[in-house]
Amino acid sequence: SQQGCDPFAQTQRSKLQHRRARINQQINKEMRMRAGAENLFRATSNHKVKETVALELSYVNSNLQLLKEELEELNSSMDVYQNDRESISVPMIPLGLKETKELDLLVPLKDFISEHYGEEGVLFEKEIKEFMELRQAMRTPSRSEAGLELLMEYYNQLHFLDSRFFPPTKSLNIFFHWYDSLTGVPSHQRALAFEKGSVLFNIGALYTQIGARQDRASLPGLNQAIDAFQKAAGAFNYLKENFSNAPSLDMSAASLNMLVRLMVAQVQECVFEKMTLLHAQHDFLARLQLAHEAAKVEDVYSLVHQTMTQTHVKDYVPFSWTTMVHVKSEHFKALSHYFAAIALCDCPAASDAELPEHEKAFIQFHVTMPEGPSLRVLLQDPEERRKLGKAHLKKAIMKHEEAMRIHGLCKILRKMDILQEVLSFAHKRSLSKYSEIDHEEDFFETGDAPDIQPKTHQKPEIKSPNFSQVKVTDLFHRLGPLSVFSAKNKWYPARRVHLVRGENGFGFTLRGDSPVLIAGVIPGGCAAEAGLKEGDYIISVNGKDCRWSKHAEVVQLLKSTGEEGVEIGVITLQSLEGPKAADKKAGAMSLGSGMLKSNKENNRKSLMNSKSASTLLVWSKKSKRSKKSTYGVPFTTVGDNEVMY
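Quick note: the sequence shown, position 445, residue 445 per our numbering, numbers continuous.
In case anyone wonders, no lab produced these hints; they're calculated from the structure. Some clues are possibly wrong.
[To be verified] Below, a list of computed lysine-lysine pairs in the BS3-like style, where the Cα atoms sit at most 25 Å apart:
id: 1; residue 1: Lys110; residue 2: Lys126
id: 2; residue 1: Lys274; residue 2: Lys463
id: 3; residue 1: Lys110; residue 2: Lys544
id: 4; residue 1: Lys129; residue 2: Lys471
id: 5; residue 1: Lys126; residue 2: Lys471
id: 6; residue 1: Lys170; residue 2: Lys314
id: 7; residue 1: Lys394; residue 2: Lys428
id: 8; residue 1: Lys360; residue 2: Lys455
id: 9; residue 1: Lys471; residue 2: Lys550
id: 10; residue 1: Lys428; residue 2: Lys126
id: 11; residue 1: Lys550; residue 2: Lys533
id: 12; residue 1: Lys170; residue 2: Lys544
id: 13; residue 1: Lys129; residue 2: Lys488
id: 14; residue 1: Lys459; residue 2: Lys360
id: 15; residue 1: Lys455; residue 2: Lys488
Using the sequences and the hints given, assemble the complete structure.
As structure tokens, then:
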């Protein structure tokens with residue numbers, strides 16, 4: 001069975017998760033105290049008590065503030081998630097995993113099995129414990145492919161748990177508790193969608209950690225980082241599109257939108273790094289391409305910064321993240337101007353043969369055309385190239401200084417030497433280039449260089465999670481085929497019927513398999529006399545369980561009975577009595593496999609349409625069926641191969 005990683009293996013990262021868990025518990029305690037104090041404050045009319053409670057509340061609130069700040073500092077411990085190689089790469093932003101409380105499902109599931117399925121709950125203890133062990137393991141996944149598979153396996157098992165134990169009309173008395181990944185604020189809900197969504201969030205978060213730890217000084221490392229950040233973006237995007245009304249802020253549409261954009265920007269940054277690795281040759285066109293790529297990175301980070309400073313997100317995102325993103329947008333803008341200058345000043349002027357190609361590239365290079373001579377003159381006159389190059393460097397230096405100024409405003413980032421080093425290296429490089437091309441006799445005023453057009457040769461992809469890569473078998477398989485034995489179906493208690501074959505056989509027709517259906521009962525035959533009805537399912541023959549049996553197996557068992565007759569166990573579905581039951585079954589099954597459950601906790605379709613306040617408290621799966629849903633519940637189509645027996 002799958003293992004989580006040992007939570008006590010004291011790596012830096014697990015120390016961090018431990019501190020997060022401890023802070024989450026303290027936040028939980030303070031939140032309970034605050035709720036108690038607020039209730040008392042509202043209930044009491046005694047002035048003295050009100051004053052004491054108000055004082056108590058301000059203590060609790062300032063404690064909460066301190067805890068949240070401590071958590072924010074943890075969320076900014078990006079260096080712990082980076083790789084250990086000495087090579088210098090700008091740090092990326094990883095997310096910490098959401099914490100959850102232990103969950104004891106033994107009693108509620110055993111009760112449901114005996115009540116709904118009419119089986120001895122105690123006979124399923126092994127399966128329930130196996131499910132609980134899987135949940136326990138998925139709380140501490142390792143930062144690797146195995147950790148991701150563990151989370152996916154659990155996510156896929158939840159699909160079966162949902163179909164088996166969560167009827168649309170009533171809720172089990174189970175609460176799922178999860179802590180917000182950034183603030184540590186606890187939330188709990190009965191809706192299984194909340195558990196599913198939280199696991200999906202952790203799949204995204206784990207991808208961010210895997211992306212951040214890659215050694216990006218090598219091509220394989222860069223490709224792995226790109227893949228991980230694209231998959232992180234896909235997980236957050238899938239969550240945003242398929243779930244709604246999350247009880248915790250980290251899973252609100254605004255936060256997820258911000259996280260998707262952040263991941264896309266980190267991919268774009270890796271693409272730029274990949275270009276610098278691949279283009280060792282220093283020709284004019286390659287350098288223009290680098291300037292385009294840097295401008296593209298600046299463009300996407302500006303968008304992330306805008307998203308992070310919106311009202312619903314601003315107070316929630318760690319200040320160090322917002323600063324980091326702002327620093328990166330200025331830094332890459334500076335780099336785009338630096339590479340423009342290098343292309344102009346370090347590459348020889350265009351020859352007549354190169355001119356058409358260089359002109360074509362340069363005409364689309366700037367956002368607006370630079371003032372001055374015609375393109376042809378500019379590209380072939382070294383002095384004109386130097387002038388424009390100098391203007392680009394002037395702008396680069398201003399932007400480097402701005403990046404360093406913003407970096408200096410955040411005490412957490414100031415501790416990050418790597419980032420400091422990268423910024424000051426880039427700044428010095430531009431300064432020394434400037435002094436190299438600056439002539440004492442320059443009397444012209446250095447003009448304002450236009451910005452570079454953002455353009456990339458590799459557009460980031462948002463890669464949706466591929467749940468089918470991790471195959472799981474339904475742990476509760478013994479309850480019978482899901483097409484019939486599910487939480488949403490109800491049936492009358494099983495009946496045992498004794499049949500003796502008459503001269504025309506048993507007097508019924510059978511159809512389909514797993515379980516085999518009685519498709520027709522001949523009036524006056526043995527089956528009709530014994531009380532069998534059209535639409536009954538055969539679940540046993542002579543005490544042998546036949547719920548999963550194929551058509552031919554059941555027929556074989558019936559044929560092999562002697563004169564003493566045969567005992568058949570059957571069930572009748574409550575909602576599907578009367579004629580045409582079999583066709584209804586086929587319809588019901590295809591429906592059952594298709595719909596994403598909407599609003600697990602209370603079946604309130606009308607409310608879902610009028611977004612009323614009460615609906616927002618329930619976290620629900622959006623009922624829009626995604627095209628590639630990985631889970632059609634397996635069901636057998638009922639064919640026309642009915643045979644008389």
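We went through each hint and held it up to the structure:
| no. | hint | verdict |
| --- | --- | --- |
| 1 | Lys110 with Lys126 | holds, 11 Å |
| 2 | Lys274 with Lys463 | holds, 20 Å |
| 3 | Lys110 with Lys544 | holds, 23 Å |
| 4 | Lys129 with Lys471 | holds, 20 Å |
| 5 | Lys126 with Lys471 | holds, 20 Å |
| 6 | Lys170 with Lys314 | violated, 38 Å |
| 7 | Lys394 with Lys428 | holds, 13 Å |
| 8 | Lys360 with Lys455 | holds, 15 Å |
| 9 | Lys471 with Lys550 | holds, 23 Å |
| 10 | Lys428 with Lys126 | violated, 65 Å |
| 11 | Lys550 with Lys533 | holds, 20 Å |
| 12 | Lys170 with Lys544 | violated, 33 Å |
| 13 | Lys129 with Lys488 | holds, 23 Å |
| 14 | Lys459 with Lys360 | holds, 22 Å |
| 15 | Lys455 with Lys488 | violated, 52 Å |
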